[in-house]
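Can you join these two chains into the complex? Each is in its own frame, and there are hints to help.
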Amino acid sequence: MRSVFKVVENRLESEWTHTIFFDEEIESRPGQFMMVWLPRLGEKPFTLSYPNAVTVKKAGAFTEKLAAVKPGDEIGLRGPLGQGYPPLKKPALIGGGVGIAELRLLALASEAPSFVLGGRTADEILFYEEFRELGPVHVATEDGALGHKGLVTELLPVEADSYAVCGPERMMAACLPKLPAERTYFAVERYMKCAVGLCGQCTCSGWRVCTDGPIFPATTVAQMDDFGKRRRSKSGKWEKV
Amino acid sequence: MIPLPEIEPPLINASGILSYPEVFAAFESAGACLGGYVTKSVGPREKPGNENPVVVYPPEGAVLNSLALPTQSAEDWERDLEEIKLKNAKLIVSVYGGDSREFAGVTRRMSRFGDAIEVNLGCPNKEPGEQTIMESIGQNPALSAEVIERVRDETDKPVIAKLSPNSDYLAVADSCMSAGADALGCGNTLGPGLAVDIQSRAAILAGTTGGISGPALKPINLRMTYEAYARFGCPIVAYGGIETWEDAVEYILAGASVLGIGTAFMRKSTHEAAALTRDIWEGVQEYLGGEPMSALIGAAHRPADGGGSDA
Chain A
1 MRSVFKVVEN
11 RLESEWTHTI
21 FFDEEIESRP
31 GQFMMVWLPR
41 LGEKPFTLSY
51 PNAVTVKKAG
61 AFTEKLAAVK
71 PGDEIGLRGP
81 LGQGYPPLKK
91 PALIGGGVGI
101 AELRLLALAS
111 EAPSFVLGGR
121 TADEILFYEE
131 FRELGPVHVA
141 TEDGALGHKG
151 LVTELLPVEA
161 DSYAVCGPER
171 MMAACLPKLP
181 AERTYFAVER
191 YMKCAVGLCG
201 QCTCSGWRVC
211 TDGPIFPATT
221 VAQMDDFGKR
231 RRSKSGKWEK
241 V
Chain B
1 MIPLPEIEPP
11 LINASGILSY
21 PEVFAAFESA
31 GACLGGYVTK
41 SVGPREKPGN
51 ENPVVVYPPE
61 GAVLNSLALP
71 TQSAEDWERD
81 LEEIKLKNAK
91 LIVSVYGGDS
101 REFAGVTRRM
111 SRFGDAIEVN
121 LGCPNKEPGE
131 QTIMESIGQN
141 PALSAEVIER
151 VRDETDKPVI
161 AKLSPNSDYL
171 AVADSCMSAG
181 ADALGCGNTL
191 GPGLAVDIQS
201 RAAILAGTTG
211 GISGPALKPI
221 NLRMTYEAYA
231 RFGCPIVAYG
241 GIETWEDAVE
251 YILAGASVLG
261 IGTAFMRKST
271 HEAAALTRDI
281 WEGVQEYLGG
291 EPMSALIGAA
301 HRPADGGGSD
311 A
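Those sequence lines, one after another, are chains A and B.
Using this note's numbering, read the first sequence as starting at 1 and increasing by one per residue.
Using this note's numbering, read the second sequence as starting at 1 and increasing by one per residue.
Chain B with its partners taken away, still in its complex shape (with noise of 0.2 Å):
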């Protein structure tokens, strides 16, 4: 296994959020304090995505989003990574294909830049008249196999093998691991779901459904978290619904070594996502007390002191 980066603080954006190598290095310039930044899947070919809307936010804590992987071809990434660098954070290059072949070449030409690869094996999200990579690829543990064995063939990166929650993510993730993924990402947004306008009685997303994030999805993705450091003990990268220090905290006891952000920027100019970020970062660290990070990831499988026995 190859282990992953130092991310120093271990917080990161969410694939698909500020997506640009330009907005991360903006964010670095404004002092957020994130360790790495995570592209906008990469894919085989120009893809505008969905129409607008792409985004709907009902009150109930959920966010609903159709985008759909819009990407620029991988030649055009590859000038953009070439263009832009970030001065300390590390970079890591999720990517996606409509079969194992396509993930291959992507990641073929993107392992140079990326100090990790995670592979997008949960979008939920398509255009009209495609499947969803989460159906056609994610929910299948074979499928899902090959394409890591075929990422792994293509680069000497760690793999991070990103989960979809609507998936039996548990054989998703022993198949992965089995075919040469070094970490597990927990996980994609959820669903799709849908929400409906009353009064023109319409679906809002142009993409009718859209993946869900946000404070909704973190008990599912906490879960997700959980079941997988359980089993693999293997280094986990943690999304969905992480909004304050608490939230990360509750990852990292459930096993998570690294944290995403996403939705929790929404709304927020550079310098407030920023100083969302170094919030965060302080809050976990006060929590820790002076204690390594590493010493509580997971700690929520451990028993309570005195080996919790009654007898």
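The shape of chain A in the complex, shown without the other chains (with noise of 0.2 Å):
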């Protein structure tokens, strides 16, 4: 069911990106979803970050006024929803951009996590003093101001027990070959509207990404023709991912 719940901190992270913190814990799986409403604006699928925050990039007209709410703001949550990760061993844990946000409670849930994270930039590689408390960072941005000069797919591979890789879709797309299958998860996104298996809108090669995932094992991943590929927009027209 949907409530409304009122926001008490509006943090800065970095230029793009805000978390925004209300004033009740959820509890959910890792890898688990809200639907983020903004009464009269819209609505969309967050991955908690905290277990009272969601974090959000500025990318469009609804993530602008999400990331610019103020203390004493109401902004409504309905879920959580889909299927998050599974319990997880000594994951590396693999994000892109502000996918890396998703991550933050998967890596406090799990023992011994290590990280591989990419950005455009050292500004976009979120948490990055928090993760290096708990595990071994390795980073890439492509201008090199922080680690690798270069891509988060050319860190890999890397050694640990599991995977969980939450990014853009060409990013993870590029992960994909370069992961034990059984041992890997993928965050996967695409265009919700009801976002409780209804509409089936948010289909990536058939399966619903808000009841069947967001969180897929790579091994059906690896049967999804459409994934890194092309996506049904909001009228349903295919267009490339």
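Take the hints with a grain of salt, since some may be wrong.
What the hints assert, rightly or not - Covered, in the sense of this in silico footprint (three residues per stretch, anywhere, with C-beta under 8 Å from a C-beta of chain B), are these stretches of chain A: (1) 36-50; (2) 148-161.
Said to hold, decoys possible - Some chain A residues judged to face chain B by a derived CB distance under 10 Å, without partners named: (3) 3; (4) 62; (5) 76; (6) 78; (7) 83; (8) 193; (9) 208; (10) 210; (11) 226; (12) 234.
Said to hold, decoys possible - Calculated cross-link-like contacts (lysine-lysine; reagent style DSSO-like; alpha-carbon spacing at most 27 Å): (13) A:237 <-> B:90; (14) B:47 <-> A:229; (15) B:218 <-> A:229; (16) B:85 <-> A:229; (17) A:237 <-> B:268.
The set of hints was computed from the structure by calculation and includes no laboratory data.
Backbone N, C-alpha and C fix where the C-beta goes; we use that ideal spot for every residue, glycine too.
Here's what the structure looks like:
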């Protein structure tokens, strides 16, 4: 059911990224998502970065508005929804861009995590200091401002018991052949409407991302012909990933 | 009259639920007990539908949706349906348009893909500035008949006229049957209804109002099924709140020969949804106890044993 929460803090993480804290913690499995509703403006899926926060990158009208909320403002939350990660042992958490935020609760719930993080520049490597206290952190930035100069995929493979990947789809598709499918999980993203398995809009090769995912084992992702290639837009018309 | 294709088992999804052929194929692979699948309503031109939120589920057993018929163009639908085929299940293509000419144009393109054509006369949702199909066509017997007549001209497949429960549906059905419909769809979502958030003091759905589905719809569409069967005795595809085998049996006894499942798939993974369809069908079969389903279609209309006479 939908509930309305009060914003208690809007924390600037980087030039484009804000973490929005609200007044109540939500019990969810890492990887599950919430539909965040701004009354009269819209509703979009986010994975919690804290039990009481989502991290948002400004990328369009809705995320601009969400990034601009102030303490005292109200936001609606529907969820938690979808399938999260199974418990992971010694996982390497591989994140790209704002996808890094979605790995934070998984990192805290995992035993002995390590991190492989990528972004355009140092600013995009969210929670860098915090993650360094949890385990080894490997970083790639496209401008070389932090860590390896280049793409996160160039840091793979790394040694770990399991792998969780969350980032832009083309980055994830590049990771797919480099990781052991039976121990790897991907966070798949599609345009969502109902978010509860009814409308089919978030299909990825027939899997409804909202209820079959958004976390999928790599063995499933390997069967998704559309992954990394095409997705349905708001109208259902195909567009390139 | 053209008979409906044999849909075995006689369970399908409701239009606007699951929606796309690749999702149907995934359900088929997962062993869903659905003998047919209905596409999302195909419209004449690309349209995004309403902004989110498009769904709200107050706790009273009702789900409100205001998707408002998002669609890719009929040409893009042709490409999709050429690319993705079902193994065994039948395909029903749902069509809509703003007027009878548009309905006919979409039907012309879709006819070769469908084992049947379902004509959406009752969608109660709209984007801002539009009129709903329910208001502009589905509540009007003459305009509904005109749509069915033009669709009939474009296809040799069976035509299902899907009615709005928010209409004088027997009058609409009467004119649709005269215009060449082969079966009735009983029916679309109800309403539309409204949900208001008391904290933000805003209508929750971006489209303000939304069609009502789920358990709250069942007694209404069950009645529509019952009345339509009594009047026309034609094949009826029934929708509305079917979540258990008991719900399905009620609809069969009222007169349905095909049963559509929609809101019951809410929050279910493909495997869970497939299991639900198997549970429903196994329950129906057990209830039938070896009798053919046809023997029980409309059985609720028959007088009790002994003719019901007290004399």
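Hints and how they fare:
Remark: the region 36-50 of chain A is confirmed as covered by chain B, as 6 of its residues place a Cβ nearer than 8 Å to a Cβ of that chain, reaching the required three. Counting residues of the region 148-161 of chain A whose C-beta sits closer than 8 Å to any C-beta of chain B gives 0, which falls short of three, so the coverage hint is violated. Given hint, residue 3 of chain A at the interface with chain B, holds; its Cβ is 9 Å from that chain's nearest Cβ, closer than 10 Å. The criterion of a C-beta within 10 Å of any C-beta in chain B is met by residue 62 of chain A, whose closest approach is roughly 9 Å, and the hint holds.
The interface hint given for residue 76 of chain A is met, as the beta carbon of that residue sits about 7 Å from the closest beta carbon of chain B, less than 10 Å. Checking residue 78 of chain A against chain B: minimum C-beta separation of about 8 Å stays under 10 Å; hint holds. Checking residue 83 of chain A against chain B: minimum C-beta separation of about 7 Å stays under 10 Å; hint holds. Residue-level restraint check for residue 193 of chain A holds (minimum Cβ-Cβ distance to chain B is 5 Å; threshold 10 Å).
For residue 208 of chain A, the interface hint holds, the least distance from its beta-carbon to any beta-carbon of chain B being 7 Å, beneath 10 Å. Taken as an interface hint, residue 210 of chain A checks out: its beta carbon lies about 9 Å from the nearest beta carbon of chain B, inside 10 Å. For residue 226 of chain A, the interface hint holds, the least distance from its beta-carbon to any beta-carbon of chain B being 8 Å, beneath 10 Å. This hint holds: residue 234 of chain A has a C-beta 4 Å from the nearest C-beta of chain B, less than the 10 Å allowed.
Restraint check for residue 237 of chain A and residue 90 of chain B: the C-alpha separation of about 23 Å stays at or below 27 Å, so the hint holds. Restraint check: the Cα-Cα separation between residue 47 of chain B and residue 229 of chain A comes to about 23 Å, which is no more than 27 Å; the hinted pair holds. About 41 Å separates the Cα atoms of residue 218 of chain B and residue 229 of chain A, which puts this hinted pair outside 27 Å; it is violated. For the suggested pair residue 85 of chain B and residue 229 of chain A, the alpha carbons sit about 20 Å apart, so the restraint of at most 27 Å is met.
Taking the CA atoms of residue 237 of chain A and residue 268 of chain B, the gap is near 25 Å; set against the 27 Å cutoff, the hint holds.
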